[in-house]
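Enquirer: Going down the list, the protein sequences come from chains A and B. The first sequence begins at 14 in this note's numbering and counts up one residue at a time. The second sequence begins at 14 in this note's numbering and counts up one residue at a time.
Be a bit skeptical, because a hint or two may be false.
[What the hints assert, rightly or not] DSSO-like, lysine-lysine: derived pairs with alpha carbons at most 27 Å apart:
| hint | chain 1 | residue 1 | chain 2 | residue 2 |
| --- | --- | --- | --- | --- |
| 1 | B | K161 | A | K101 |
| 2 | B | K366 | A | K101 |
| 3 | A | K202 | A | K188 |
| 4 | B | K327 | A | K161 |
[Said to hold, decoys possible] Residues of chain A clear of chain B, computed beta-carbon distances all greater than 12 Å:
| hint | residue |
| --- | --- |
| 5 | G50 |
| 6 | K134 |
| 7 | S135 |
These are calculated hints, taken from the structure and not from any lab test. Glycine included, C-beta positions come from ideal geometry on N, C-alpha and C.
There are 2 protein chains.
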Amino acid sequence: MTNFFNIKKINLDSKARTGILKTNHGIVETPAFIFCGTKATVKGVLPANLLEANTQIILSNTYHLMLQPGSKIIADSGGLQKFTNWNKPMMTDSGGYQIFSLGHGSVSEEIKGKHISEKNKSLLKINEEGATFKSYLNGDKILLTPEKSINIQRDLGADLIFVLDECTPFNVDKKYTEKSMNMTHRWAKRSLESFLSNNNKFESKNGSAGKQHLYGIIQGGVYKDLRKIACEEISSYDFDGLAIGGSLGNKKTQMYDVFEYCSSNIKDKRPVHVLGIGGLDDILEGVSRGFDTFDCVTPTRIARHGIMLSKIKKNGINFNNSLYKSDHSPLDIEADIDIAQNYSKSYIHHLFKSNELLGMSILSIYNIWFINNFFKEIRKSIEKDNFNVFKKYFLNNFN
Amino acid sequence: MTNFFNIKKINLDSKARTGILKTNHGIVETPAFIFCGTKATVKGVLPANLLEANTQIILSNTYHLMLQPGSKIIADSGGLQKFTNWNKPMMTDSGGYQIFSLGHGSVSEEIKGKHISEKNKSLLKINEEGATFKSYLNGDKILLTPEKSINIQRDLGADLIFVLDECTPFNVDKKYTEKSMNMTHRWAKRSLESFLSNNNKFESKNGSAGKQHLYGIIQGGVYKDLRKIACEEISSYDFDGLAIGGSLGNKKTQMYDVFEYCSSNIKDKRPVHVLGIGGLDDILEGVSRGFDTFDCVTPTRIARHGIMLSKIKKNGINFNNSLYKSDHSPLDIEADIDIAQNYSKSYIHHLFKSNELLGMSILSIYNIWFINNFFKEIRKSIEKDNFNVFKKYFLNNFN
């Protein structure tokens, strides 16, 4: 834990800060974005292209990898980095989010009014011991406990790992949220004990023993008093980092309120990760409250649907639109990555009209570059003490 | 035409030869393989990765591109190379193969016993004027004539282009094949006249006027006398290159017989292209008869189905097989391309089990490298006058 996170500079007019996460696979300059490589790959993007797009760190999902190929296979291969040929920092989540979103339905499904049928529910039971779910691959009943999640993440061997939590959705009441939060706290304690008990002696061929860093997760839903309790409880344990999880409400103002509840109750200098947030405006609000890292599937998922991120268009640029059929100008004349100059809007439009994989790859690389460049600008503005000016200017132009 | 093709070396003990095709976008060392980039992209592979895999030249399909995005869009963008960011030699076919295979069913569909229902037939009519077909995108009736095919290929702007032919399938009789071949000859003449009439003055924004090279196509099915007539007829025109098209029979011996019929009747020193052949053994038989270039979808298509090419396994290595689940050895320890060393068999198996796009990209790059390396070895063996030894050794180990 010592020296894992160094704060370099705290902005004078906000809590925004720059820092450095030191991992076994290199450093991460914060604030930073963590890209989603769910099944041990950022979909359709080679590691060389992730590097070209200035990527610092990616995230894989324990839930998916424990089912396919299985954590022992990855341990035997030498760990996630060796397995994927991404020799830079990596994070794994605990498996909780996917299990619970498969049970409750994800936040986005709730918002869109979709209902998960009983038949499709794969979460079978949650109790003190852990969560029992049905494998989406073969229907096997699987029990995931806090200890198992830690040991699976040991085998995967990522640099930053997470405790198992119950990720409560938006539609549950305060009573459920509180009860769930309290169990999450007991699970956090069990996770940490499991982690510390074998941190230096865990037998895995991936060589990560003693080199991983564990994050605790702050739950509490949209409730101010619960978030305060969660911040204090999770902060009281010897985690290397803290993460903000669970429901952040169903509108932006509620999300920013939750950010504030957490920010005002995190008193120490551990790195703070925000789970599942990728909106540019939301990132700026998070950074201004002293949060250091963010992860989300959005930048690469929308790329696969033909949407390129933009500093001025909140919904991005949709290349499925026939507006781009004859627009032979480069993707982004101002971007300092070759693909932005080498490919035209008309070509990307053509690739999406033709259902060609390459369109997904090119836009994914662009969106990754875009987010990394956005964070670079954030860091620069903090270093120069004008983050608030940068934030205000950006949000004024972002419609 | 002058200086378009230079023969460097003819093997002493076969007709195998090395040469150089000089195009407006660089040279192609022959014998060479031409990879399939049907809709203006080699599926899932960035041009930078094509280069890394030593690719010399790729092929796009007129039939697909005339429908989407349309040849004028590509002309206005500056031509296929500019459009695709592949700034090296390119070939386009005439559109004939796709139209006729949609009408008759392709050779592989015949072999597999599949029948095209009347409903799905998109070929509506073939007569002296040309072929009328139904667009698979919007049902529009479209007439493709030899002259139109040339003009569309002008707009696309590839370096090597083809005359429109009727690509007769395996299941038609000699009478039909002969009648069809004679029409193909009249179409070849019309194509050439159209080409020569506007070769230097064709108005297109792609700058290819006067810089394209036209290939005539030799038909005649599996019939020795018809192939002789076709060779003589097509050779009598001022084409820059000659191509062997149409049915090559339904077994390898019949294919090699057709190779022989053509080889013995091509008397001059123009480059010879073989359409749609990609089997390693078939390529060796073609090279030994003095053929210079080959194209086929196979190397990249099988890659997208999880199959890696191999020098010793005729059916390749199938990564869908659970044999590779725990095999952490590199893809190919002997290959001098990074991806063959950086990715393990277990990782590729995982990507295909997980339906991840990256598996398709990595194996496509590998198979492209493999074929390019195979041709490099062929060229080397010809230069060293031991092509026949190379061929015999290779075929002995290829099972």
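Enquirer: Could you run down the list of hints and mark each one as holding or not?
Expert: Here is how each hint holds up against the structure:
| no. | hint | in the structure |
| --- | --- | --- |
| 1 | K161(B) / K101(A) | 53 Å, violated |
| 2 | K366(B) / K101(A) | 25 Å, holds |
| 3 | K202(A) / K188(A) | 22 Å, holds |
| 4 | K327(B) / K161(A) | 44 Å, violated |
| 5 | G50 | 10 Å, violated |
| 6 | K134 | 22 Å, holds |
| 7 | S135 | 17 Å, holds |
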